[in-house]
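For the record, the sequence lines run as chains E, X, Y, B, G and L.
Those letters in the first sequence? Residues 1 to 104, by this note's numbering.
Those letters in the second sequence? Residues 1001 to 1104, by this note's numbering.
Those letters in the third sequence? Residues 2001 to 2104, by this note's numbering.
Those letters in the fourth sequence? Residues 3001 to 3314, by this note's numbering.
Those letters in the fifth sequence? Residues 4001 to 4314, by this note's numbering.
Those letters in the sixth sequence? Residues 5001 to 5314, by this note's numbering.
I should point out that these hints are in silico values taken from the structure, not numbers from a laboratory.
Quick reminder that beta carbons are idealized off the backbone N, C-alpha and C, glycines included.
Hints may contain errors.
Unchecked claim - Taking lysine-lysine pairs in the DSS-like style, the calculated list, with each CA pair at most 30 angstroms apart, reads: (1) G:Lys4087 / E:Lys77; (2) E:Lys77 / G:Lys4153; (3) L:Lys5153 / Y:Lys2077; (4) B:Lys3153 / X:Lys1077; (5) X:Lys1077 / B:Lys3147; (6) L:Lys5147 / Y:Lys2077; (7) Y:Lys2077 / L:Lys5087; (8) B:Lys3087 / X:Lys1077.
Stated by the list, open to error - Restraint-style ranges between C-beta atoms, simulated for each label pair: (9) B:Asp3056 / G:Val4065: 54 to 64 angstroms; (10) E:His74 / Y:Glu2073: 29 to 39 angstroms; (11) B:Ala3066 / X:Thr1065: 53 to 63 angstroms; (12) Y:His2074 / E:Thr6: 13 to 23 angstroms; (13) G:Gly4152 / Y:Arg2004: 52 to 62 angstroms.
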Amino acid sequence: MFTRRTKLITIITESALEHTLIDDFDRLGAGGYTITNARGKGYTGVRDGRWPTDSNIRVEVICDTELADTIAEHIIKTYYRDYAVMVYIGDVTVVKPDKSGKGS
Amino acid sequence: MFTRRTKLITIITESALEHTLIDDFDRLGAGGYTITNARGKGYTGVRDGRWPTDSNIRVEVICDTELADTIAEHIIKTYYRDYAVMVYIGDVTVVKPDKSGKGS
Amino acid sequence: MFTRRTKLITIITESALEHTLIDDFDRLGAGGYTITNARGKGYTGVRDGRWPTDSNIRVEVICDTELADTIAEHIIKTYYRDYAVMVYIGDVTVVKPDKSGKGS
Amino acid sequence: MSLDPVVLFFILGLCAGLVRAEMRLPSAIYEFLSIILLLAIGLKGGIELSKQSIGDLLPDTMAVVAMGFVLPLLAFPLLRYIGRLEKVDAASVAAHYGSVSVGTYAVAVTYLTAQQIYFEEYMPLFLVLLEVPAILVGIVLVRGISKNTRWGKLLHEVFLGKSVVLLLGGLLIGWVAGPEGVESIAGLFFDPFKGVLALFLLEMGLIAASQVSCLRRYGLFLLGFGVVFPIFSGLIGGGLGVMLGLSIGGTMLLATLAASASYIAVPAAMRIALPEANPTLSLTAALGITFPFNIIFGIPLYHKFAEYFHTIGG
Amino acid sequence: MSLDPVVLFFILGLCAGLVRAEMRLPSAIYEFLSIILLLAIGLKGGIELSKQSIGDLLPDTMAVVAMGFVLPLLAFPLLRYIGRLEKVDAASVAAHYGSVSVGTYAVAVTYLTAQQIYFEEYMPLFLVLLEVPAILVGIVLVRGISKNTRWGKLLHEVFLGKSVVLLLGGLLIGWVAGPEGVESIAGLFFDPFKGVLALFLLEMGLIAASQVSCLRRYGLFLLGFGVVFPIFSGLIGGGLGVMLGLSIGGTMLLATLAASASYIAVPAAMRIALPEANPTLSLTAALGITFPFNIIFGIPLYHKFAEYFHTIGG
Amino acid sequence: MSLDPVVLFFILGLCAGLVRAEMRLPSAIYEFLSIILLLAIGLKGGIELSKQSIGDLLPDTMAVVAMGFVLPLLAFPLLRYIGRLEKVDAASVAAHYGSVSVGTYAVAVTYLTAQQIYFEEYMPLFLVLLEVPAILVGIVLVRGISKNTRWGKLLHEVFLGKSVVLLLGGLLIGWVAGPEGVESIAGLFFDPFKGVLALFLLEMGLIAASQVSCLRRYGLFLLGFGVVFPIFSGLIGGGLGVMLGLSIGGTMLLATLAASASYIAVPAAMRIALPEANPTLSLTAALGITFPFNIIFGIPLYHKFAEYFHTIGG
Ligand SMILES: Nc1ncnc2c1ncn2[C@@H]1O[C@H](COP(=O)(O)O)[C@@H](O)[C@H]1O
Ligand SMILES: Nc1ncnc2c1ncn2[C@@H]1O[C@H](COP(=O)(O)O)[C@@H](O)[C@H]1O
Ligand SMILES: Nc1ncnc2c1ncn2[C@@H]1O[C@H](COP(=O)(O)O)[C@@H](O)[C@H]1O
Ligand code: NA
Ligand code: NA
Ligand code: NA
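So here's chain E without its partners, still in its complex pose:
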């Protein structure tokens, strides 16, 4: 078993951006992503999911520091002004059977 310290970037934003973000991840070279439905409140107000335009997604991408920064920068630059967006990065240790892992 092999473990690697890496980054977990979490993006909470409008459901309307789901497809666009997925395209972005593919283009920027992320190995994967995980999405859950969410609701919340932030600077842009309450987004409680009562109406399709009012629902959030919570997106996680596990990747190295460099890609996490690239993704964060891209999202802040592209969507922060016009959309409800929150981005944060944390440290995690990914566990895989061997150094290469399944995906790389």
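Please build the complex by placing chains X, Y, B, G and L with the ligands on the supplied structure of chain E, with the hints as guidance.
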């Protein structure tokens, strides 16, 4: 682009508390929150969401250390005895376009 | 109020494994778990939840380092080859009313 | 005894749950079905009210509300002193049994309809009136009429819960729109009613089965209470029905209402109002014991009660 | 004025929302109901088209599409120069009001049916044709016909949105299968239609009520616009209806289409096409003001318009 | 060839999916529709069984179960040696094609009903009997009858899957309640049946379209197998039908059952029983190729088979 190390407090508790918690956050001065539906098991038993009174929510608040402690203390004091509650705090780095951010 | 630094292990995998994983946790001695529905993409491809066999769950277990390692190893050994699985571990601080907590 | 198909659906759910079949209704569907049931029941009652003079119903109404206050007060001492439950648990269980179950009511109506037995169509009015009083009694039993209790929030929760709003809303719409107006929406609310109830009961069977594992934890007293108290309150409800001059069908429905225990509105209200009460205890009793008992055995029994009371009362 | 039960359901939702009752339809159910409504409306229109020569409808069709382009161009200057909205917000609101609301259309059809007033059954064709033009106008008002705009993606979003696909799909299936073919699926799409609409409106009432808190933020101009512009565009739609030789019922429906504002397709398209527009502003107007106004007061008013126009026009 | 509306809904879904329209049924609704279909089919069959002597059906029943064991054994060598699939993948695909598709069956019944062709109403019994044997064959082909396999857990999963429980439950309820009993729940299960099937097929079309991108990955063999094997097994099923003395309609239904491939029960079972099998491969074949083929072309073809066999057999 500006990053700030801050806290992420996560609360897993009964769905019945959703509105009450939201009021608490507003009162305690949180800038926002994110909620997802969840199910689980803990000391109070299995909560698998089969019945309305048996479902959980997973609530996240990003805030500074001080507020995280205030929130944690409030929740433990107010709800821990009578409700299914799990609270934990982690470190994250929030990414914003500039120092002030959108919300502060 | 008492806080304890501990581990948060997150497993993202196929919904089909939910019951099996829950049995595993019980057997390995986890004090609890939290599950949310998720969708995503990884090495095994897109799992967007359109079809029952294509949906993910996101499972979290809070436990000490040792148990986190045991769980991680068990999952990697048992499911990694044949199922869509991602496992990572992070550090969190659990907040409880006193040293023993509710559950221990 | 030949069982109605809706009861067979309940039994199917019960069996599937007991053998742990991988099956459940999505919760959105369960809610959809229960919304249709609540509105349909309300609408039916409202249509009838539009034909009645409300003044004539006032005495009956007050008597029924009084029963809603009395039933939990009868249950409480049994639970506290015979069952030796904690005070707050006894109050909470009493509130569940003093209130009513819409699903049980719907099965009772189906039972009467299948046998073409007449009943007073305005009974849904009593159904909605019986939802709330027991909750208030349960809270007062624990908290007193203390000023510390946040009554505003509580009453909001209790009076504006989903089932009260939908039943009352249905009653009002049925009352305003009358028979012809409501006729136009029969295709969703009335024609599929019994099928909707069948599917609803399938899920209720699955849920009831999942409560069985909790049963062992609480022992024989709860099992006994969950069967005996409904019979006892069924007698009270039946007696009141005869006193109010209701038909056999109406008497049987009032007995069923009295005998039924809430598993939706009251659990939600108790979680807010009396959070220190053990929620599993009440739910296991109401959902795991009393609901199945009433659906399968209770309803024919309350019919017998009504017939008997009418023999001796008439 | 006696209100149709479906309007009563809307009012029930509105009231329940305003007193903050703990109630909502699961979003899966809301979507289910809206899918049934869209397909049913499409199917009805398609059956009628199968009896028509499409060539005969071409001139009317083009006139209606033209109205779809003109309405937002009328709304825009009002919003920009009287309402002093930002350019992008004015364009976005104009797009909402130039497009149409399927829920409003369904209530108008129900209104006519209840009063047994004849209307041209192919009106759903106009409904689907009016969805899109205003969106294009809104975008062009802000972006121009700039090559930078990712038109491919936008047009895909706009023309392949859920409501266009379902309405158009329903039209085509109704057209191909004809009356007898569609008859066989009436049990889901036609018999429960009005009940489905009632439940849909219950949720719309709840949603509309939740918009009220936003109303204050945007002040009186928005309130005025949300009431006055529909009346104005209702006059235009009604006038066009008479010019096209539609019946009183058809004229009233075209007036209603013109007067209605989109709250589903356009908000979604604007979020992609003009993200810098404030989405709450448009939604509050369309959903919180114009929709309730149309359902309760507008529809009878547009009926009056149609009658009046027919008196002077005929 | 004039297409039934339900097939048109499938084609609408297929087209909408292929042009990547932003549309899908909420999964709770998809489940709701499939629960209604399963129960309705079961109930229909059960009503018929209540009129039959079960003993008379025993030989037919055993022959059909035997076919359920034989079909995957025929598919396996083709997949393994001509298709050159891995052993476990060949076994898994064989299990899918040996089992049945309830959606396909429902469309076939609709086809017969629309053309007023008689068929043996107890066919749902065969439907449920054919679900399981192929799964067992698939597992044994890979694991042998090894003691290591956790048969207890597997059999539980296989025999207590949602579709078996609902079909069987429906059969039993229909059998116990009989025609009049079930009549009372027709408003949910029978009247809207064809509309429910239409909506179900709309979503199936969307899903099938999303499988197309996987098609390329697996190449021509899978495409060929997904079309040719159903024709082949349709001949077997049709032949058996004639041998059992079924009517033309019954023969056609048995051919359709044989020709259909499972895309719900078997994928779920394989994920537990043979996790090393590639799940996308089987699903692409069953859902992306065979299901659309059967719905659009297969069913009329199996009707021809049945007529032909009856000509030569009778
Ligand atoms: N302080 C916070 N803590 C947790 N979640 C937040 C916070 N601020 C914003 N969010 C989430 O991010 C979404 C968009 O944030 P915003 O752009 O600030 O409106 C909100 O709807 C919340 O779900
Ligand atoms: N050790 C744990 N790991 C992850 N989640 C937990 C754990 N313990 C409790 N939870 C979650 O917190 C909820 C309430 O916990 P409790 O109050 O211990 O019953 C549970 O239903 C779980 O969703
Ligand atoms: N790099 C990643 N970041 C976030 N989630 C991932 C990542 N890789 C995989 N996942 C999640 O884990 C699931 C299984 O991954 P895999 O086994 O790699 O296909 C995926 O469907 C995703 O939900
Ligand atoms: Na009671
Ligand atoms: Na308009
Ligand atoms: Na088959």
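For each hint, the structure was consulted:
1. A distance of roughly 23 angstroms separates the Cα atoms of G:Lys4087 and E:Lys77; the hinted pair therefore holds under the 30 angstroms criterion.
2. Between E:Lys77 and G:Lys4153, the direct Cα distance comes to roughly 21 angstroms. Compliance with the 30 angstroms bound is thereby established for this hinted pair.
3. For the given pair, L:Lys5153 sits about 21 angstroms from Y:Lys2077 by alpha-carbon distance, which is consistent with the 30 angstroms threshold.
4. In summary, the hint linking B:Lys3153 to X:Lys1077 is supported, as the alpha carbons are separated by about 21 angstroms, within the 30 angstroms threshold.
5. Using a Cα cut-off of 30 angstroms, the hinted pair X:Lys1077 and B:Lys3147 holds, with the two alpha carbons roughly 22 angstroms apart.
6. A threshold of 30 angstroms between alpha carbons decides the hint, and for L:Lys5147 with Y:Lys2077 the separation of about 22 angstroms falls inside it, so the pair holds.
7. Annotation: proposed proximity of Y:Lys2077 to L:Lys5087 holds, straight-line Cα distance about 23 angstroms (limit 30 angstroms).
8. Simply put, B:Lys3087 and X:Lys1077 have alpha-carbon atoms about 23 angstroms apart, close enough for the 30 angstroms limit, and the pair holds.
9. Separation of B:Asp3056 from G:Val4065 is about 59 angstroms and conforms to the stated range, judged on CB atoms against 54 to 64 angstroms.
10. The hint said 29 to 39 angstroms for the Cβ distance between E:His74 and Y:Glu2073, and at roughly 36 angstroms that hint holds.
11. Distance hint for B:Ala3066 and X:Thr1065: a CB-CB separation of about 57 angstroms, consistent with the stated range 53 to 63 angstroms.
12. At roughly 22 angstroms, the beta carbons of Y:His2074 and E:Thr6 sit within the given window of 13 to 23 angstroms.
13. Taken as a hint, the range 52 to 62 angstroms holds for the pair G:Gly4152 and Y:Arg2004, whose Cβ atoms sit roughly 54 angstroms apart.
Checked against the numbered hints listed earlier, the structure breaks none of them; every hint is satisfied.
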